[in-house]
Amino acid sequence: MRLEDLAKVIRSKNAGPMHLTFDLMFDNEAAYQRVLQSPAMTPAGIAEAYSVPPETVTIVPYPPALAIKIAMNRKVVAGDPGDRDVYGAQQHGPLLEIEL
Amino acid sequence: MSAFFRLRDEFARARRPLKVLGASGQLGYGLPTKALQEGLARKPDCLGCDMGSIDVGPYFLGSGELATADEMMRRDLADVLVAARSLDVPLLIGTAGTAGASAHLDATAAVLREIAREKGLHFKLALIRADMPRATVKAAARAGRITPIGAMPPLTDAEIDAAGNLVGQMGTEAFCRALEAGADVVLAGRACDTAIFAAIPSMLGFPMGPVMHMSKIVECSSLCCVPGGRDAILATLEGESFVLESMNPVRRATPMSVAAHSLYEQSDPTAVAEPEGTLYVDRAEYVAVDERRCRISGATWETARVPTVKIEGARMVGERAVLLCGSADPRFIASAHERVEEVREVVRGLLCGDAPADYNLIFRIYGLDGVHTWQKPPAIPPREIFIMGECIAETASRALAVMKTTKQFLLHHGFPGRLSTGGNIAFPFTPPELTGGPAYRFNAYHIMEVDDLAPLFPIEMEDI
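Residue numbers (the numbering used here), protein chains in the order written: chain A, 7 to 106; chain B, 24 to 487.
Treat the hints as calculated values from the structure; they're not laboratory data. Be aware that a few hints might be false.
The calculated lysine-lysine pairs, modelled on DSBU-like cross-linking and capped at a C-alpha distance of 30 Å, are [to be verified]:
| hint | chain 1 | residue 1 | chain 2 | residue 2 |
| --- | --- | --- | --- | --- |
| 1 | B | K147 | A | K14 |
| 2 | A | K81 | A | K14 |
| 3 | B | K399 | A | K81 |
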């Protein structure tokens with residue numbers, strides 16, 4: 007099962023120019039728990055999908071919204087020469103394909 | 024007597040719920056008028072608008088220019104100014120003119136004065152500046168009171184001097200001072216989004232947890248609804264709780280949609296750091312009032328031991344030129360990255376001889392990895408690719424020379440197996456090289472500890 011088959015929302019966006027964040031939202035408790043408990047949903051699993059050091063990845067569940075927040079350092083500061091996504095709104099691609 | 028003083032007098036006589044209208048989360052991009060009118064019909068006690076963000080990148084902060092179109096900004100400002108004055112309630116606008124430096128604040132204030140003159144409006148205006156005195160920031164850096172955010176390097180004197188503009192995010196206290204000085208309209212430079220909405224309820228004695236939580240949500244107008252949108256939103260503060268309702272009837276504020284908004288553009292959905300303290304929403308409760316309204320309670324506020332200011336700066340890094348072209352040749356597409364690297368070397372040799380490049384040449388190949396660095400190439404190669412060349416050089420003419428040379432050699436670059444000898448790339452129009460103006464990068468994004476916030480955010484009062 008892939009993450010895109012279970013989530014209602016998978017999105018990315020900057021939280022300031024130094025951080026990239028991802029929101030995963032679910033429309034039922036079972037899907038939320040299934041994803042939360044997957045070995046892919048760990049800093050190591052996410053770091054592998056994004057080729058970043060695992061210690062820069064944080065994962066915070068937010069039960070009131072059946073949501074998971076992932077945050078990591080941006081590889082390039084937003085708007086620096088060579089940046090390819092100033093708002094960070096199109097960096098969710100690898101998450102779609104994550105196998106749970 | 025100012026609109027706020029009247030409100031405070033009324034609350035001193037008898038307390039009641041406070042109605043706060045989040046008129047716009049991005050003033051200047053076009054305000055949905057119908058929802059604003061609906062909001063005004065509810066007789067709100069104050070109007071707040073956020074007018075800026077750091078999301079738009081370093082150019083606007085560094086250059087002092089606005090990201091919004093002049094005519095649209097004028098229209099939006101007129102709408103909210105006329106609305107607030109017709110109800111005679113306070114209007115608070117944060118992060119004037121995209122980035123909130125003096126250049127942005129003054130440009131926005133000039134438009135506000137013109138509108139007032141045209142419409143015959145009279146009021147007391149407060150301007151709050153947010154430019155950080157460089158000497159103060161340098162002294163704080165030397166005293167070890169400045170901490171980088173994320174992977175930002177420590178702030179040096181050289182970077183402080185190089186910033187085109189250096190601003191700090193003001194907190195609630197700055198808006199409170201302006202209201203205390205008798206302002207009917209507050210136009211603030213760089214400000215925390217929450218501060219715009221938190222000032223009035225905090226001065227009326229509402230508890231800070233729910234006040235800050237409400238402010239955090241309504242600063243994005245109806246984005247917390249399903250479907251999310253940019254229409255005005257009404258928050259009714261009851262004390263320990265508040266009720267949210269979008270002023271567009273199709274948008275519903277549901278417990279799930281409002282809770283989910285806590286995640287938006289935050290690194291941590293449970294804690295929001297502000298100059299004067301931290302908002303915690305981990306124990307917040309979201310309960311449906313009806314299909315379209317949600318009641319929220321349970322957020323807590325912890326006052327900071329030492330106040331802090333988030334500093335933002337952007338410096339110029341050169342002049343930019345770009346090249347726009349595409350390819351539909353499968354042989355070129357299959358080896359596009361190698362080919363552009365070969366061309367890069369040819370161009371360097373022509374322009375620099377034996378010396379290293381005195382410019383930064385960047386290729387983005389859309390169709391392959393123009394947006395994201397994929398771990399693997401696509402399983403099926405794309406039929407077409409778009410190539411954007413970008414050069415940042417010391418002068419605009421140098422950057423354009425690099426792009427023009429790159430264009431010609433990319434067009435005619437030979438490679439093994441080439442069939443399409445008429446040219447490797449297609450141009451959508453000519454000239455395909457465009458001058459992009461000065462390029463900037465963020466060079467300050469730090470937290471500064473301060474003893475007293477007020478001197479950093481001076482207020483100018485003006486009778487309009």
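Hint check:
{"no.": "1", "hint": "B:K147 <-> A:K14", "verdict": "violated (48 Å)"}
{"no.": "2", "hint": "A:K81 <-> A:K14", "verdict": "holds (27 Å)"}
{"no.": "3", "hint": "B:K399 <-> A:K81", "verdict": "holds (18 Å)"}
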